[in-house]
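Undergrad: If you read the protein sequences in the order shown, they are chains A and B. My numbering numbers the first residue of the first sequence as 2 and each following residue consecutively. My numbering numbers the first residue of the second sequence as 3 and each following residue consecutively.
FYI, nobody ran anything at the bench for these hints, they're computed from the structure. Do not take every clue at face value.
The calculated lysine-lysine pairs, modelled on DSSO-like cross-linking and capped at a C-alpha distance of 27 Å, are [said to hold, decoys possible]:
1) A/Lys123 with A/Lys60
2) B/Lys134 with A/Lys123
3) A/Lys123 with A/Lys112
4) A/Lys123 with A/Lys140
5) A/Lys60 with A/Lys140
6) A/Lys110 with A/Lys60
7) B/Lys134 with A/Lys110
8) B/Lys134 with A/Lys128
9) B/Lys134 with A/Lys112
10) A/Lys140 with A/Lys128
11) A/Lys128 with A/Lys112
Here are a few chain B residues that face chain A, going by a calculated C-beta distance under 10 Å [claimed, not checked]:
12) Asp63
13) Asn70
14) Phe71
15) Val75
16) Thr77
17) Ala79
18) Glu99
19) Arg100
20) Arg125
Source: prediction; values computed, not measured. Virtual Cβ for every residue (Gly too), placed ideally from N, Cα, C.
The lines below spell out each chain.
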Amino acid sequence: MSANANVVKQGSQAGSPHTNVAKQDRQAEAPDLAMSPPVDVVEDPSGITLFADLPGVPKDKLNVRLEMDSLTIEGEVVLDTPEGMESSHVEVRMPRYRRTFSLSNELDKEKVQAEFRNGVLKLRIPKAEHVQPRKIEVKAA
Amino acid sequence: MFRSMFPQDIFSEIDRLQQQMQRAFGSGPSIRGFELGSYPALNIGTTPQSVELYAFAPGLDPASIEVNFERGVLTIAAERAADLPTQDEKSTVHINERFAGRFRRVMSLSDDIDPGSASAQYRDGVLHVSLKRRESAQPRRITVQ
């Protein structure tokens, strides 16, 4: 079941077709409203691991972007709702999740790994390997 | 050094703050004390033929989810394992917002449901329970002879 999610660089953000939830929800008319998904962030000596809860987001509607020094997690909720369903109780009001984090320099953005399974995103951001100290040769004048 | 990992998005911050306030200052109108931001979040919808329930419960093993329907009351229970490492010196938990542990959500549904018709599906972290209404309770057009 586990599959690598798309980690895309800037500029390839997916479009935003209306989902079933969007149809039911008046608030969804403003496309920019999004829920902030709960996350866990753990750091160990070799890097940072981030877990985010994104229930209802299929893999192809998940968007993890790295731009400069920021990481954005975005996902669209798609529910399998029968025709003509009327909502009677709603706790998940918006059809979208979004959250942005800024990353510090020593993290290696090229080596980010992503896994997405049962609505949980796991991102592993390793720290950059230490640049070896270089000896600078002094030339005699 | 990792202070910068904290979120920058002011709107989602306000949203979270609101949820926390709601948690702190009591629950909603339900006698079962539903609160916003609890795990799992629940959406319920109805059609003339069925009641559809969506529990936003990511990160569960589908086999461990218990769904019971008895005398008009639906219960969803499961246990969610923690992803965080156990305390050790080498790792630091910077943010810990995700739910871990056992949960149980109980809700009463309309009394015209046929208990034998329930079906449940777990996909993308959402548990979808579909309960059909009894045939006799469905709107029927009566033909005039």
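Undergrad: Look at each hint and say if it fits the structure.
TA: Cross-check of the supplied hints:
A distance of roughly 13 Å separates the Cα atoms of lysine 123 of chain A and lysine 60 of chain A; the hinted pair therefore holds under the 27 Å criterion. Among the hinted pairs, lysine 134 of chain B with lysine 123 of chain A is inconsistent with the structure: their alpha-carbon atoms are about 36 Å apart, more than 27 Å. Of the supplied pair hints, the one linking lysine 123 of chain A and lysine 112 of chain A holds, its CA atoms being roughly 14 Å apart against a limit of 27 Å. With a C-alpha separation of about 50 Å, the suggested pair lysine 123 of chain A and lysine 140 of chain A falls outside the 27 Å cut-off, and the hint is violated.
Of the pairs offered as hints, the one joining lysine 60 of chain A and lysine 140 of chain A is violated, with about 57 Å between alpha carbons and a cut-off of 27 Å exceeded. For a cut-off of 27 Å, the pair hint linking lysine 110 of chain A to lysine 60 of chain A stands: about 21 Å separates their Cα positions. About 49 Å separates the Cα atoms of lysine 134 of chain B and lysine 110 of chain A, which puts this hinted pair outside 27 Å; it is violated. Only pairs whose Cα atoms come within 27 Å are accepted, and lysine 134 of chain B paired with lysine 128 of chain A is rejected, the gap being roughly 52 Å.
Between lysine 134 of chain B and lysine 112 of chain A the CA atoms are separated by roughly 48 Å; this puts the pair beyond 27 Å, and the hint is violated. Restraint check: the Cα-Cα separation between lysine 140 of chain A and lysine 128 of chain A comes to about 35 Å, which exceeds 27 Å; the hinted pair is violated. Our distance criterion of 27 Å between C-alpha atoms is met by lysine 128 of chain A and lysine 112 of chain A, whose separation comes to about 9 Å. Interface hint status for aspartate 63 of chain B: upheld, as the beta-carbon distance to the closest one in chain A is roughly 8 Å, under 10 Å.
A least Cβ separation of about 19 Å between asparagine 70 of chain B and chain A goes past the 10 Å threshold, and the interface hint is therefore violated. Look at phenylalanine 71 of chain B: its Cβ only gets to about 17 Å from chain A, farther than 10 Å, so that hint breaks. Given the 10 Å rule on beta carbons, the hint for valine 75 of chain B is violated: about 15 Å separates it from the nearest Cβ of chain A. For threonine 77 of chain B, the shortest C-beta to C-beta distance to chain A is roughly 16 Å, which exceeds 10 Å, and the interface hint is violated.
A hinted interface residue such as alanine 79 of chain B counts as satisfied when its beta carbon comes closer than 10 Å to some beta carbon of chain A; here the least separation is about 17 Å, so the hint is violated. At about 4 Å, the closest approach between the beta carbon of glutamate 99 of chain B and any beta carbon in chain A falls short of 10 Å, and the interface hint on this residue holds. Interface restraint check: arginine 100 of chain B against chain A, minimum CB-CB distance 5 Å, threshold 10 Å, status holds. At about 7 Å, the closest approach between the beta carbon of arginine 125 of chain B and any beta carbon in chain A falls short of 10 Å, and the interface hint on this residue holds.
Hint check: violations occur at hints 2, 4, 5, 7, 8, 9, 10, 13, 14, 15, 16, 17; the rest are consistent with the structure.
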